[in-house]
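Novice: Each protein sequence line maps, in turn, to chains A and B.
Each residue of the first sequence is one higher than the one before, counting from 1 in my numbering.
Each residue of the second sequence is one higher than the one before, counting from 1001 in my numbering.
Hints may be right or wrong, so weigh each one.
Said to hold, decoys possible - DSS-like cross-link-like pairs, simulated, lysine-lysine; straight-line CA separation at most 25 Å:
id: 1; chain 1: A; residue 1: Lys470; chain 2: A; residue 2: Lys206
id: 2; chain 1: B; residue 1: Lys1038; chain 2: A; residue 2: Lys63
id: 3; chain 1: A; residue 1: Lys28; chain 2: B; residue 2: Lys1085
id: 4; chain 1: A; residue 1: Lys192; chain 2: B; residue 2: Lys1441
id: 5; chain 1: B; residue 1: Lys1085; chain 2: A; residue 2: Lys136
id: 6; chain 1: B; residue 1: Lys1056; chain 2: A; residue 2: Lys325
id: 7; chain 1: B; residue 1: Lys1056; chain 2: A; residue 2: Lys56
id: 8; chain 1: B; residue 1: Lys1028; chain 2: A; residue 2: Lys63
id: 9; chain 1: A; residue 1: Lys38; chain 2: B; residue 2: Lys1325
id: 10; chain 1: B; residue 1: Lys1441; chain 2: B; residue 2: Lys1226
id: 11; chain 1: A; residue 1: Lys28; chain 2: B; residue 2: Lys1063
id: 12; chain 1: B; residue 1: Lys1467; chain 2: A; residue 2: Lys318
id: 13; chain 1: A; residue 1: Lys56; chain 2: B; residue 2: Lys1038
id: 14; chain 1: A; residue 1: Lys83; chain 2: B; residue 2: Lys1226
id: 15; chain 1: B; residue 1: Lys1354; chain 2: B; residue 2: Lys1416
These are calculated hints, taken from the structure and not from any lab test.
These figures come from a predicted structure and were not determined experimentally.
Protein chains: 2
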Amino acid sequence: MAEDKKQVEQITSMSEDFAQWYTDIVSKAELMDYSSVKGCMIFKPAGYAIWENIQKNLDAMFKEVGVENVYMPMFIPESLLEKEKDHVEGFAPEVAWVTHGGLEPLEERLCVRPTSETLFCDMYANIVHSYRDLPKVFNQWCSVVRWEKTTRPFLRSREFLWQEGHTAHATAEEAQERTEQMLNLYADFCEKYLAIPVIKGRKTDKEKFAGAEATYTIEALMHDGKALQSGTSHNFGDGFARAFNIQYTDKENKLQYVHQTSWGMSTRLIGAIIMVHGDDSGLKLPPRIAPVQVMIVPIMQNKEGVLDKAGEVLDGLKAAGIRVKLDSTDKRPGFKFAEQEMRGIPLRIEIGPKDIEAGTCVVVRRDTHEKLTLQLEGLASGIGELLDDIHDNMLETARAHRDSHTYDAVDYEEFKKTIDEKPGFVRAMWCGDRACEDRIKEETGATSRCMPFEQVKLSDRCVCCGKPAKSMVYWGRAY
Amino acid sequence: MAEDKKQVEQITSMSEDFAQWYTDIVSKAELMDYSSVKGCMIFKPAGYAIWENIQKNLDAMFKEVGVENVYMPMFIPESLLEKEKDHVEGFAPEVAWVTHGGLEPLEERLCVRPTSETLFCDMYANIVHSYRDLPKVFNQWCSVVRWEKTTRPFLRSREFLWQEGHTAHATAEEAQERTEQMLNLYADFCEKYLAIPVIKGRKTDKEKFAGAEATYTIEALMHDGKALQSGTSHNFGDGFARAFNIQYTDKENKLQYVHQTSWGMSTRLIGAIIMVHGDDSGLKLPPRIAPVQVMIVPIMQNKEGVLDKAGEVLDGLKAAGIRVKLDSTDKRPGFKFAEQEMRGIPLRIEIGPKDIEAGTCVVVRRDTHEKLTLQLEGLASGIGELLDDIHDNMLETARAHRDSHTYDAVDYEEFKKTIDEKPGFVRAMWCGDRACEDRIKEETGATSRCMPFEQVKLSDRCVCCGKPAKSMVYWGRAY
């Protein structure tokens, strides 16, 4: 097996070089590839299939809460992008500009959407007239472009895939409810499908979205102790509505501005999956979004009856709705095992002449490496239970890792020492002043991740300046 | 009812002004809207949901024939676009150019993909080395941009949604097989899901794709007698492989060029659905891709028990996998009927106190306007059968329309007269010379739609020049 593992091109170990380990997995599990377009990546079949499963399940959750999908143009005229002051300041420095259509220069430059608030606002101004037209709860699945200087597969690239929801409501209360509802939905999705526990909270003003009144976030902790912002939900109040003049007549026939939200998750989530669950054998996919959940590896497959039986097992599991493949190539079993582990397939079934005789098969879990012997009769339900158990175990393992890497600090020396020596979240009190946030970032490299909904009063004083504290904050170095 | 119809903003009749009828449906069925970005459209929820159903079903058919989805960058560096001579000549005049990223000019211009042959070739040159790496059968769902001067909802816009498959094969035979396999799959999809019959054939050299050895097409006939190219499949031979140097070592260890194909269908299909099936009451959606298949309209809904029973019917149909909605708004039933017809929902269920007492409901077909009384007991299976029957009827109606609008012409006078007086396909013999094709287009406005796989020898002579004929061709005015 060790020999075969080498042949699957062994990857760098996490403890040795986490960044290289990450890049190795992206490449060896064939998730993504570099392209000839600087800063843009290629989603290979194994990587894109994960995104398809994320889309499918998240979209179903959206539809249950009344979200309707639309598709807006990928271009934004410069004058439209400029309508909301904070928004354009935040995005203009990092957009790609189209200046020519065909052989002719354009009358007005168009940027390739970095996000689509302005386009949705422009549409809402046209289609919202009366309280009867509200709420509008639209979403789109698309790619967006941000001209980043440094890029990293899934985490930061000039083009990435995401969903962006944009809503318009009659009242401030309804907008706030939707903002929180979608954040909670994101958190539930991460736990239920990705086996990733997250901290829910509000961003500080420094970290909020350009043009938002308030930004809410879910923050996950990676295996190396760095944080990853995994989804955000913004309440815009009526700021965009005023800039774009989105008004409706209420029941008393009075003109009112709408209140708006937006919320998004992206292909970053695949980066989170890699860095929360992966190990030195490779990728470890959460069963509910794994494109292949079970790989069947026949043993002594040239012996009569082995491939037939393996094919029967394949068909039986498929019929039960399990995503399963059979590896009947002429590679050695040990090599196939290593490949299945590298690609993060949650379960492996080994079946050879002895197993067939005994009416059993060997099932190996990717998460625990545990080997089990299961009866072929009723195999599908056993596999289904195991997949659920793997999900639960991965979630609990990730939660235990996060909790054991979450530290509290009440004075600044302790804070700095913890950030430096103990990778993870540091919880500390904050006075609410931007100056302290800036100083902490400059001196420690840590940023405020969020003011969690679940507040704990660790002390009365800001960890940085000692003034009275307003809020407990999760701090951390982040991707 | 006539009064209520007016309230649903009556549309122009087909016979009066087909183009306006089309635009009215797009707008009144709320499929699409104009945006502030010139030439780009907004897919509204009702329009996008049709595309989602097309995607879902077509993608499932792709996966059954070994297609794997990927996602490539949306930008193509100018030097890459220029590698294949015919290809760049065909596309360069109609692409959008990105010249600035953030605040800086780019070193090399990037075009927004009008199609992605060049990117896929660039990738294949990197990842194909040995015969063991072949075939590659990749597809992507994305949007593409072509800087069109005149635009029309779904049929022609500067940005549209599509899928583009790109394959690489060891042999010319395998590439030809894949080209035909995907064309046949497209034709099957159109019949099975869209209830649209198509003519399968090969494009003339004049009409083929820029850079292809051969282009195959499916052509559908719209209600006004104009043709719509609904999907194409191209065989590139080794032309792109030579331009991009995509070589592999074969089993005898010799270097060989790969053979390639590409194939695509787009949101044009929604235009086809409108123009093949629609009528003066509005849109008429084929049941298998209709986002809502059944609309329940309660009659006298304020009477006790009516809404409860309607809700029961809703739940029962939902549980049976039928896409169903209940319209319990306070609009009048007649208004709801007109709305359901305008939106093309295949079936309407009317249920009121009398029906409930009799244990029945009234079911109205969108395709035939036929009214049926069905038992509430076992309703789901009755509805399922009706939906299948509606599909079959829509397909047969479309086929009958097409066949009765397909004419043969053996001399040029007859040909011109037919094109002018009888909207539809005209079948005629052709010598194979570009000169005749150009002349026909100039003098009649008709283009060669395809040389159909099913050839019929109508005469020995070219309909235009009288020289010996090589092929029977479908001609027509086209969108």
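Novice: Each of the hints needs a verdict: does it hold here or not?
Specialist: Structure-based check of each hint:
For the suggested pair Lys470 (chain A) and Lys206 (chain A), the alpha carbons sit about 16 Å apart, so the restraint of at most 25 Å is met. Distance hint between Lys1038 (chain B) and Lys63 (chain A) is unfulfilled; the C-alpha atoms sit about 31 Å from each other, more than 25 Å. A hinted pair counts as satisfied when its Cα atoms are at most 25 Å apart, and Lys28 (chain A) with Lys1085 (chain B) does not qualify at roughly 35 Å. The straight-line distance between the Cα atoms of Lys192 (chain A) and Lys1441 (chain B) is roughly 60 Å, outside the 25 Å bound, and the hint therefore fails.
Straight-line distance between C-alpha atoms of Lys1085 (chain B) and Lys136 (chain A) comes to about 48 Å, which puts the hinted pair past the 25 Å bound. As the CA atoms of Lys1056 (chain B) and Lys325 (chain A) are separated by approximately 22 Å, the hinted pair is consistent with the 25 Å bound. Simply put, Lys1056 (chain B) and Lys56 (chain A) have alpha-carbon atoms about 10 Å apart, close enough for the 25 Å limit, and the pair holds. At roughly 24 Å between alpha-carbon atoms, Lys1028 (chain B) and Lys63 (chain A) fall within 25 Å of each other, so this suggested pair holds.
Proximity of Lys38 (chain A) to Lys1325 (chain B) is assessed by CA-CA distance (about 47 Å); at most 25 Å being required, the pair is judged violated. At most 25 Å may separate the alpha-carbon atoms for a hinted pair to count; Lys1441 (chain B) and Lys1226 (chain B) meet this at roughly 14 Å. A threshold of 25 Å between alpha carbons decides the hint, and for Lys28 (chain A) with Lys1063 (chain B) the separation of about 24 Å falls inside it, so the pair holds. Distance restraint check for Lys1467 (chain B) and Lys318 (chain A): the Cα-Cα separation of roughly 59 Å exceeds the 25 Å cut-off, and the hinted pair is therefore not satisfied.
For the hint pairing Lys56 (chain A) with Lys1038 (chain B), the CA-to-CA distance comes to about 32 Å; that exceeds 25 Å, so the pair is violated. Of the pairs offered as hints, the one joining Lys83 (chain A) and Lys1226 (chain B) is violated, with about 43 Å between alpha carbons and a cut-off of 25 Å exceeded. For the given pair, Lys1354 (chain B) sits about 59 Å from Lys1416 (chain B) by alpha-carbon distance, which is inconsistent with the 25 Å threshold.
When the structure is compared with the earlier hints, violations turn up for hints 2, 3, 4, 5, 9, 12, 13, 14, 15 and for no others.
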